[in-house]
Amino acid sequence: MELEGIFRGMTLSGAGLDAERRRIDVIAENIANANVVATPGGEPYRRREVVFETVLEGAMEPGSVPGTVRVAEVATDFTTPLSEVYDPKHPLADPETGIVRYSNVNMSYEMVDLLSASRSYEANLKAISTYREMVEQALRLLEG
Amino acid sequence: MKIFGDDLGVLAKLMDVSVRRHEVTAGNLANVNTPGYRARELRFEDTFRDALDSGRLGDARKLEARVVESETAEVKADGNSVHMEREFALMQKNRLLFGVYSSILQGKLRRIRHAIEAAQ
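Heads up: the sequence lines are chains S and L, in that order. Residue 117 is where the first sequence starts when you use the numbering used here, and the numbers rise one by one after that. Residue 1009 is where the second sequence starts when you use the numbering used here, and the numbers rise one by one after that.
No lab work stands behind these hints, which were simulated from the structure alone. Hints may contain errors.
As the list claims (entries may be wrong) - If the Cβ cut is set under 10 Å, some of the chain L residues that face chain S in the computed set are:
id, residue
1, M1023
2, S1026
3, G1035
4, N1039
5, T1042
6, P1043
7, G1044
8, E1095
9, M1099
10, N1102
11, F1106
12, G1107
13, S1111
14, L1113
15, Q1114
16, L1117
A virtual CB, placed ideally from N, CA and C, is assigned to each residue, including glycine.
Generate coordinates for the entire structure from the input sequences, incorporating the hints supplied.
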């Protein structure tokens, strides 16, 4: 096995850690902006979501690298409707209807997503520590 | 001349396959949230058994492990078929097997060294 091959298991799980951390960042951004009525563009904040993709490196050939993961894009959610609250006294309320449009962030949805992301992060961490144990055990063979 | 026999090569191969299998599992875990990703697994035992039955273990190094999509895993709504619990179970099992191979190899190496030291 070539030397870089020894660390391949770690590189893989490292990519997983990185992707999940990006996801947690975006969820944190959504939660922080949950009550934003006006972004610099004037529109209410729209929730964002990371999209993962597999980086295939000839994954099906014998002895090749299994696919790692990366963040393909951070997509803005235009399908979930913005929440509308009737509040005529609000400075940004519609002068005719008295409705204020808030972001389309749904707290319970974000919390579930956050839990899933943090569990996946832990899974990758566990994979790294298991791999480390294996390499250490193999290295102990050198001690005799 | 064969002092060490075939089994050192076989053990080394099994350890190598263990590390490969860990990589495949780690790849599955890294892709647990990737839409459309299908869980993969490493097939080696069947080739190994064939070699064992036909007594061709001498060239164990040349046996190849194959990465295939696992067919048994249920596909979730987003087209992903990675199940974290299953992968963890596989990873732990693989980890223990690696420990077994490594211990056996260590024992063999120790005995070889004893033999060498006894000759001095």
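* If you take the shortest Cβ to Cβ gap from N1039 (chain L) to chain S, is it below 10 Å? -> Constraint on N1039 (chain L) satisfied, holds at 5 Å.
* Is the interface hint for G1035 (chain L) satisfied, with its Cβ closer than 10 Å to some Cβ of chain S? -> 3 Å, holds
* Q1114 (chain L) as an interface hint toward chain S, with CB separation required under 10 Å -> Holds - the Cβ of Q1114 (chain L) comes within 10 Å of chain S, reaching about 6 Å at its closest.
* Asked: Would the hint on M1099 (chain L) stand, with a C-beta cut-off of 10 Å toward chain S?
  -> Because about 6 Å separates M1099 (chain L) from the closest Cβ in chain S, which is inside the 10 Å limit, the hint holds.
* Asked: Can G1044 (chain L) be said to touch chain S, with a Cβ gap under 10 Å?
  -> 8 Å, holds
* Have a go at the N1102 (chain L) hint: is there a Cβ in chain S nearer than 10 Å to its own Cβ? => 8 Å, holds
* **chain S contact restraint on S1111 (chain L) - CB to CB distance below 10 Å** => 9 Å, holds
* Asked: For the hint on F1106 (chain L), does the least C-beta distance to chain S fall short of 10 Å?
  -> With a closest approach of 5 Å, the F1106 (chain L) hint holds.
* Asked: Would the hint on E1095 (chain L) stand, with a C-beta cut-off of 10 Å toward chain S?
  -> With Cβ-Cβ at 8 Å, under 10 Å, it holds.
* **Interface restraint verdict for P1043 (chain L) against chain S (beta-carbon cut-off 10 Å)** => 7 Å, holds
* L1117 (chain L) as an interface hint toward chain S, with CB separation required under 10 Å -> 6 Å, holds
* Should the interface hint for T1042 (chain L) be scored as holding, given a Cβ-Cβ cut-off of 10 Å against chain S? -> At 4 Å from the nearest chain S Cβ, T1042 (chain L) passes the 10 Å test, so the hint holds.
Consistency with the previously given hints is maintained throughout, with no hint failing.
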